Amino acid sequence: MIANIIVFPGSNCDRDIKVALEKFQIKCKMIWHQENELPKADLVVLPGGFSYGDYLRCGSMASKSVIMNEVIKHASTGAYVIGICNGFQILTETKLLPGALLRNYMLKFICRRINLIVKNNTTPFTNKYKNKAKIKIPIAHNEGNYYADEATLKKLEENEQIVFQYCDENYEINNNGNPNGSSLNIAGIVNKKQNILGMMPHPERCIENFLGEADGIPFFESLLK
Amino acid sequence: MIEVNKKIAENHGLTEDEYEKIIKIIGKKPNFTELGIFSAMWNEHCSYKSSKKWLKTLPTKNERVIQGPGENAGVIDIDDDDVAIFKIESHNHPSFIEPYQGAATGVGGILRDIFTMGARPVASLNSLRFGSADHPKTKYLLNGVVSGIAGYGNCIGVPTVGGEIEFDSCYNGNILVNAMNIGITKKNKVFYSIASGVGNPVIYVGSKTGRDGIHGASMASQEFDENTEAKKPTVQVGDPFSEKLLLEACLELMKTNAIVSIQDMGAAGLTSSSVEMASKGKVGIEINLDKVPCREKGMSPYEIMLSESQERMLIVLKEGREKDCEKIFNKWGLDFSVIGKLTNTNKLILISNNKVVCDLAISALSDQAPEYDRKWEKPITEKKIDFKTKIKNFQITELIEKIISHPNQTNKSWVWDQYDHMVMCDTINQPGGNASIIRVHDTNKAIAATVDCTPRYCKSSPFLGGMQAVCETYRNLCSVGATPIAITNCLNFGNPEKPEIMGQFVDVIKGISEACKKLNYPVISGNVSLYNETNGIGINPTPVIGGVGLIKNISQTSNHKFKEAGNLVYIIGDTIGHLGQSILCYDILNIKKGEPPPLELEKEIKNGKFIIEAIKQKLIQSSHDVSSGGIILSILEMCIPSKIGINLNIDKSGFQLIEYLFGEDQSRYAIEVKPENEAVLLKNMKNKGVSFKKIGKTINEKYIHINNKYKLNLNNLIELHNKWFKNYNK
Amino acid sequence: MKFEVFITLKKEVLDPQGKAIENALGSLGIQGIETVRQGKYFSIVIDEKEKNKAEKIVKTACQKLLANETIEEYSFKIVK
Amino acid sequence: MKFEVFITLKKEVLDPQGKAIENALGSLGIQGIETVRQGKYFSIVIDEKEKNKAEKIVKTACQKLLANETIEEYSFKIVK
Ligand SMILES: Nc1ncnc2c1ncn2[C@@H]1O[C@H](COP(=O)(O)OP(=O)(O)O)[C@@H](O)[C@H]1O
Ligand SMILES: [Mg+2]
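Here the protein sequences line up with chains A, B, C and D, keeping their order. Just so we're aligned, residue 2 is where the first sequence starts under my numbering, counting upward by one. Just so we're aligned, residue 79 is where the second sequence starts under my numbering, counting upward by one. Just so we're aligned, residue 17 is where the third sequence starts under my numbering, counting upward by one. Just so we're aligned, residue 17 is where the fourth sequence starts under my numbering, counting upward by one.
In isolation and in its complexed conformation, chain A is listed as follows (with noise of 0.2 Å):
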């Protein structure tokens, strides 16, 4: 499998994100978002940072970048994107998901591990998690905070496009698992087509277990199914 990395000046879960597709046997590419072309590749991955300092909007100018051209035509054809955190941010900038993301609701930055529920895993990216798995995951945002009309949310539930949700310590989904005040705790949801996949934690910071929980594992080993 091969995945292209698109970097944004202000990226900086680049490497990281690198390193871990790369323990699974993920060759990776770095491409620089002013490049106007993408290597053929089975997946596209816009990682975390702050790309453009966050300035403005979270991922506002990095998805006017050339390249993102390129990533839209990419996913057209069916093939993978996964955006994490600011990537995710970028998405839905870009109009590949629905929504935006807000400022969290407490109105500060978190880096935690938090409770995930696994709400659907039958996408290319969570087929090897249980059914309703329970997993940890950091998260490390200022503005992850979910929000989209009820229209859309709806929408969303009915297509099973929700994958990840903010739980509590019992992995019940209510107000108090939920970090960041994100509509129906949404962590993660992937379009219609389920080959897009926008997430606020970073799966890549938990593969080792020695830096603590290795939930992350699974969501790479599905990519490779």
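Think of the hints as simulated: they come from the structure by calculation, not from any bench. All values derive from a computational prediction rather than experimental measurement. Wrong hints could be hidden among the right ones.
Okay, derived cross-link-like pairs now, DSS-like style, lysine-lysine, Cα gap no bigger than 30 Å in a straight line [what the hints assert, rightly or not]:
| no. | chain 1 | residue 1 | chain 2 | residue 2 |
| --- | --- | --- | --- | --- |
| 1 | B | K687 | B | K588 |
| 2 | A | K30 | A | K155 |
| 3 | C | K80 | D | K80 |
| 4 | C | K80 | D | K67 |
| 5 | B | K641 | A | K41 |
| 6 | C | K18 | C | K93 |
| 7 | A | K135 | B | K468 |
| 8 | B | K409 | B | K134 |
| 9 | B | K215 | D | K65 |
| 10 | B | K468 | B | K771 |
| 11 | D | K56 | B | K369 |
| 12 | A | K109 | B | K490 |
With chain A held as given, fit chains B, C and D with the ligands onto it using these hints.
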């Protein structure tokens, strides 16, 4: 141009004597630009005129030190041709005036000191001190500083892995914001700031120069008073996005072998960077100010030279490499400009509009800067006092509950949750433990780092306090299994023109020196922040020490969380029960008199080495240093994260039990031992001659039992421990 | 030509920042504040003397970048 | 009474956000943008009918909380 006179010199913070000295050295009256340059180079912040004499006495070498003080940061050897580069720096004054931007630019500044030397920054730490929690400004300052550090560090993508935070009324008018950073690179890839090669081009890269922060460095060299707010220069605004680009661009350029020397523009901006580079290389430098990228039109030479705009670097390139350099900086969207060249005149020549606007000998600005032997008084050591009568009426359980919920001892995750401490995926021990552990990327080894200081000890006995701060970092490193290598220090003090303050400074340095020498744990970089006074009231002497150690194998580390019930808990080191200057007395009972605990450096070394060895041999399950708050606080800090209770059995009662549990005797550790490892461990302890005492056993119940007499519910303690910051910031 | 551009969250989108400021003003003892909503403000200088053309540039800037119409609304006016 | 409050960075203070937006608009191919400065905008409803009193409340809010006068300036006006 404004005509210079004595009065104007005085407004620039130069004394009459200093002004006269300038005229004598340069043989003319300086023009306004020259005066500004002198005032920047000769102020405390850049010239270290009050502290130099004493800083020279610090031990700075051991077998691993590659570069000691004198460069942008110090460099140590961490094996396999890898080096770690680190330094700590203060940003106290700006943070008091504008907490968010002050703290943010503090982080930005120390990051530049690290990557200017060729290292990729891998970990940030910070040491923060605020006034008392109920002081009206504290909440605002706390929130501003923490989000400023987070805002800058998170954006640039360097993990903030540790630090300390303390509240004390002595900081009401002068908060302390000290930022430390560590970077890693290869031994043969270190860059220095010594300019060389007459004719080589001098390059300006980074952001544009604006009218911000003019005279920031001189402000950092003055006391505050009511008028400070009015006098304040325009505060610098941090731009972490540009810094990220600057970081990547510099590291990219460094691969091309085009750089002769490189230096960040920090305090006193273009002035100090150009003068320092030239001075170190014993060359002259000529700059055409019209070539300096400016944000605003019509900036005067004075303003350009004194601006402290952030995210800028000065580079001396090999001749002919300008185009390669320009290409890289263009790619990253940063300004690039050839602004001058090195000369053989040993002079700083500045040209603006085809006119020479400054013509000064480099040595006049640097080597001939004043150096003072300030008057100092030997600090009066505190007398022993009798605590028994003051304490004996308190219930032990009540004292424990008070300590665990005090702002200085409470759970500080409110702070570090705001810092991205995991980015780069090498953070092994997260904030909240003893020392943070950061894996050296792509290897099996790690470095450990910590920042510590106990200012209440330093106030009471500067010598012991200086020693103790060094030892506490040493202990924190040992307790995670790291071999301590070297330190950086940030010396925060009041007004050095007062003999009693200077006396504190001198004694603290003596204490630090003594400890560093014995522990073979030298100083490789640092910073001095004086004049931390408001209306004549100074802070407690606060020599913050940043310690760095090496872990050769990441499978041989430890943390402070109890692992399971049924294990034995030992204290390594002697417990006499020294209450003077303890948290119990100082913070809880408000008894601020008394002397701090004594220290025996031989024991410090012996106990530390023993712990490292035991961790290596996997004989202990968890380990924690015993310091502020004594045994009881260490034990609680081991119980709380794992929710494991303990049965403590101590052959003491009444006041003696209080002394035993809360006393802050030094050089101690608490460890958790599996029963099957006890025998080997005991044998080792006896062989090595370390003192030890078994004090209890971890249990399944969520309770803390003391001598079957007192019982505390662990869940209650956890709640007490967790609530302070949340309630405070509601 | 100089423009002022205002970007505000749509009415139905929650504005926690505004809410927090509202509360903070209350606890500072400033009475009489009913609601606060926060938005963004840009001052933009356009190198174009014809009003229509300049307005078009600003409008394009809003639509293409400054505002995210999923959550925000924009408005602008000429200052001089 | 409803107010609009504007907080802008002082002229000599660096505005990294405005600068980045300026560049981004340029690379989007939107021509004619000379400078962009970013600020904050608040819409505040005051429970007070007397103009003078209401203005005083807003002014206090600006000075005490909304603006950081070390680096920012404020201005406001009544909308209705
Ligand atoms: N307390 C100290 N101990 C050791 N070295 C110090 C101390 N204070 C300053 N130094 C050294 O003096 C030099 C100048 O420091 P500083 O003015 O902070 O540099 P910068 O220009 O990077 O801000 C550095 O090499 C620094 O490590
Ligand atoms: Mg420096």
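Tested hints:
1. K687(B) <-> K588(B): 24 Å, holds
2. K30(A) <-> K155(A): 37 Å, violated
3. K80(C) <-> K80(D): 36 Å, violated
4. K80(C) <-> K67(D): Violated, at roughly 39 Å.
5. K641(B) <-> K41(A): Distance ~49 Å between K641(B) and K41(A) Cα, so the pair is violated.
6. K18(C) <-> K93(C): 9 Å, holds
7. K135(A) <-> K468(B): 53 Å, violated
8. K409(B) <-> K134(B): Violated. K409(B) to K134(B) sits at ~43 Å, over the 30 Å cutoff.
9. K215(B) <-> K65(D): 33 Å, violated
10. K468(B) <-> K771(B): The given pair, whose Cα atoms are some 28 Å apart, holds under the 30 Å limit.
11. K56(D) <-> K369(B): Violated: K56(D) and K369(B) sit about 34 Å apart, past 30 Å.
12. K109(A) <-> K490(B): 15 Å, holds
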